[in-house]
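Number of protein chains: 2
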Amino acid sequence: MGTLSVFLDVPFTKESGNPLDYYKDDLHPQKVLLGHEGCQTDAGEAWLPPVVQRILLQISRDPTLNHEYLPELGIYEYTRAATELAIGKESRALLENRAGGVHTIGGTGALWIGAEFLFRWYKPRFSPTVLYIAEPQWDSHGCMFQVAGFKDIRPYRYWNPINLTIDIEAFLKTMQRAPTGSIVFLHAPEEIGLKPKEWEAVAAVMEKKQLFPFFNIENQGLASGNLDKDAWALRHFVGQGFELLCAQSFSKTFGLYDELVGNLIVVTKNSETLIKIHSQLGRQIATTWWSPPSLGARVIGMVLNSPALLYEWKLSLQMVVKRLMLIREKLKEKLRILGTPGSWEHLTDQSGICSFIGLRFSQGEFLRKEKHIYLFENQQINISSINSKNLDYVAQSIHEAVVATSFGDYF
Amino acid sequence: MGTLSVFLDVPFTKESGNPLDYYKDDLHPQKVLLGHEGCQTDAGEAWLPPVVQRILLQISRDPTLNHEYLPELGIYEYTRAATELAIGKESRALLENRAGGVHTIGGTGALWIGAEFLFRWYKPRFSPTVLYIAEPQWDSHGCMFQVAGFKDIRPYRYWNPINLTIDIEAFLKTMQRAPTGSIVFLHAPEEIGLKPKEWEAVAAVMEKKQLFPFFNIENQGLASGNLDKDAWALRHFVGQGFELLCAQSFSKTFGLYDELVGNLIVVTKNSETLIKIHSQLGRQIATTWWSPPSLGARVIGMVLNSPALLYEWKLSLQMVVKRLMLIREKLKEKLRILGTPGSWEHLTDQSGICSFIGLRFSQGEFLRKEKHIYLFENQQINISSINSKNLDYVAQSIHEAVVATSFGDYF
Chain A
130 MGTLSVFLDV PFTKESGNPL DYYKDDLHPQ KVLLGHEGCQ TDAGEAWLPP
180 VVQRILLQIS RDPTLNHEYL PELGIYEYTR AATELAIGKE SRALLENRAG
230 GVHTIGGTGA LWIGAEFLFR WYKPRFSPTV LYIAEPQWDS HGCMFQVAGF
280 KDIRPYRYWN PINLTIDIEA FLKTMQRAPT GSIVFLHAPE EIGLKPKEWE
330 AVAAVMEKKQ LFPFFNIENQ GLASGNLDKD AWALRHFVGQ GFELLCAQSF
380 SKTFGLYDEL VGNLIVVTKN SETLIKIHSQ LGRQIATTWW SPPSLGARVI
430 GMVLNSPALL YEWKLSLQMV VKRLMLIREK LKEKLRILGT PGSWEHLTDQ
480 SGICSFIGLR FSQGEFLRKE KHIYLFENQQ INISSINSKN LDYVAQSIHE
530 AVVATSFGDY F
Chain B
130 MGTLSVFLDV PFTKESGNPL DYYKDDLHPQ KVLLGHEGCQ TDAGEAWLPP
180 VVQRILLQIS RDPTLNHEYL PELGIYEYTR AATELAIGKE SRALLENRAG
230 GVHTIGGTGA LWIGAEFLFR WYKPRFSPTV LYIAEPQWDS HGCMFQVAGF
280 KDIRPYRYWN PINLTIDIEA FLKTMQRAPT GSIVFLHAPE EIGLKPKEWE
330 AVAAVMEKKQ LFPFFNIENQ GLASGNLDKD AWALRHFVGQ GFELLCAQSF
380 SKTFGLYDEL VGNLIVVTKN SETLIKIHSQ LGRQIATTWW SPPSLGARVI
430 GMVLNSPALL YEWKLSLQMV VKRLMLIREK LKEKLRILGT PGSWEHLTDQ
480 SGICSFIGLR FSQGEFLRKE KHIYLFENQQ INISSINSKN LDYVAQSIHE
530 AVVATSFGDY F
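Going down the list, the sequences are from chains A and B.
In terms of my numbering, the first sequence opens at residue 130 and continues consecutively.
In terms of my numbering, the second sequence opens at residue 130 and continues consecutively.
Keep in mind the hints are simulated off the structure, nothing from the lab.
Keep in mind it's a predicted model, so treat the numbers as computed, not measured.
It cannot be assumed that every hint is accurate.
If the Cβ cut is set under 8 Å, some of the chain A residues that face chain B in the computed set are [as the list claims (entries may be wrong)]:
{"#": "1", "residue": "A299"}
{"#": "2", "residue": "T303"}
{"#": "3", "residue": "Y386"}
Covered stretches of chain A, as calculated for chain B (at least 3 residues, CB under 8 Å) [unchecked claim]:
{"#": "4", "stretch": "167-177"}
{"#": "5", "stretch": "190-202"}
{"#": "6", "stretch": "244-253"}
{"#": "7", "stretch": "272-283"}
{"#": "8", "stretch": "394-408"}
{"#": "9", "stretch": "418-429"}
{"#": "10", "stretch": "455-463"}
Ideal placement from N, C-alpha and C gives every residue a C-beta, glycine not left out.
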């Protein structure tokens, strides 16, 4: 047999840009990762709500549960409760049976199945379909939509990196100029900091231009500590009568990263269309992973469907949010004491886990190269990665980064 | 907002053909499902090896395990042990670091990721690539390869439905006439009944025509009761120096259907190509489901890596295989006593869970419509679906189906 591989031309993928990889390779004793995927405790460990640990044990001892395949669309009690959590129990779309969830392999699986579905079946009267992605998600999510088949993907901006504020004008302008019927990917509406009035304005333009919203919600409850408040934008769009998709992930809010529990919510005009869409999604799922794994969705379904457990989980979320706000305040105070140039008010004006900290690319590079501190590629950080052990070092390093780059010594 | 859905044209999918759906809808008290996905006990329950139940409990109590994301390629200790199980610990391909596994969402996930990878990167010097699928898998797997992008998919035959024997001549002839560089999907080599000599002949033709094998192994250990014997065909191809893919599923052999534990084995010419291929597969996985769920692979990894647990699991497999052979013998004997026309020797000549029972389409229809007995769409049955409660009814019904259709009373 020949010795030449038929895969001779397969290239290495370009590096993922995951800060964890750089962090792991760094041997410096003071290295800090500010780009954890999930929510960290002050001890630097992955956070797991106590109720989850308890239910995991309970499930493993339950002799009535078997290990047979779930249906393609997953556990109904879980997807129903998850969908209610997102769009609200009293949502008319739910009461009219025109909204429903599909159990997926995490938020990524929901995005993938949703992207593939839209590429195949979303046929606005205007083609070819343009898809808009916010600048900070350009690298992380653009690739997925491209693989799903979308060719015309364009960026939009909602954040002014100079003023460190929401740039609602730029956002609205892009929407107004978008081709009728375009798809708009709305990542982390709970965290990006638009106020209800601003979401109303976005929805109004999107309705006028018949744009299709594809939401992605990963941190409901971890932005403000209030589950309903964090779902405000999504519920407003549903209330306005939009058809939409929403990928929902429970990895961060339940700490069950390794069980990849997601839900793809479909809201449409009528119940018959929903059933048809679910039949297509079921077919896609059967082709891609057959049916979803059960453990994580069993845990989350049990918590969401039990008032007592739900209450306990909500309290856990609120404790995390308090801790996040405290970190923001402490970091701002440290920078004030150090006399770091610039305003750091945005640190406490924002909320949630993932945040623009207000550093430029060169400042992020300074932190990485000089201080062994690793941010996300888009200069966001995970606030929960800061803890009592690394806070002083992180603040001092940010100070040095800002000073060094302000005087042109660096880059 | 308008009331017309943008998804107005989305059709219902055609019915899946899953016999379980028909079975569920049937209210007849004597209905029998002979098309279970997995291995059943004599009590008609899904089989779970005792060792699995024990390890599940142990894992749920282990305080050292966290719930963080696994790497994209999954748990190395699991994929390594799974790959060794399939191609053999002493395989030169493993020793030369040119064979390795990727942890996937079940066997389906391994097939999907493999099919997508081949569509993108398999560029034999001869294009466009033709893909061959055996007739019994035409419906179940053809669709997946089509969705992955393959356009020229052709059937091959290895089974003579009239004689109820292997048709090695037909198989070889199709391979000889295949365009150089075609891909051949080899489903269930452990079960379809080709003898080593026949596999040797298939491999020789495939080598000559530079055909690329894509194996799919779901029942290693459940066909003959011997893990090595069931992997004979795959190991022969690896030993002959083929580059190949092999989707491996542990759902049936470990009874953990709802955890969807799979492995995509890549065997290539050299270690560098393997690393490149793994980097591409990692990228695909990150786009499709981010990283695999952990529970099932932790269980299976623990069993495969512990000599004592492995021994216990092997004994469990052997007990199942004995039960399957007993069912085959009893069914043959019942049909002999009833004087059912035809030879039923193939029942005991074959082994394993899924089998052609030797019924024509019209006989399958008779069973479904007149007897409330549901087979797979391709007229195969799951042998383990037969148990002491339904054996007499199944045998009597097969007898009536054969008699009715032999005399032209039916169809």
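Hint check results:
Here the hint on A299(A) is broken, as its CB sits about 25 Å from the closest CB of chain B, past 8 Å. Residue-level restraint check for T303(A) is violated (minimum Cβ-Cβ distance to chain B is 21 Å; threshold 8 Å). Interface hint status for Y386(A): upheld, as the beta-carbon distance to the closest one in chain B is roughly 4 Å, under 8 Å. Against chain B, the stretch 167-177 of chain A contributes 4 residues with a C-beta closer than 8 Å to a partner C-beta. That satisfies the three-residue criterion, and the hint holds.
Coverage of a stretch by a chain is defined here by at least three residues with a beta carbon nearer than 8 Å to that chain's beta carbons; for the stretch 190-202 of chain A and chain B the count is 6, and the condition holds. With a cut-off of 8 Å between beta carbons, the stretch 244-253 of chain A has 4 residues touching chain B; three or more are needed, and the interface restraint holds. With 3 residues having a Cβ less than 8 Å from any Cβ of chain B, the stretch 272-283 of chain A passes the three-residue criterion, so the hint holds. A count of 8 residues in the stretch 394-408 of chain A with a Cβ less than 8 Å from any Cβ of chain B is obtained; the coverage claim is therefore met, three being the minimum.
Counting residues of the stretch 418-429 of chain A whose CB lies closer than 8 Å to any CB of chain B gives 8, so the stated coverage by that chain holds, three being the minimum. For the stretch 455-463 of chain A, the proposed coverage by chain B is not satisfied: 0 residues have a C-beta within less than 8 Å of a C-beta in that chain, short of the threshold of three.
Hint violations for this structure: numbers 1, 2 and 10, all remaining hints satisfied.
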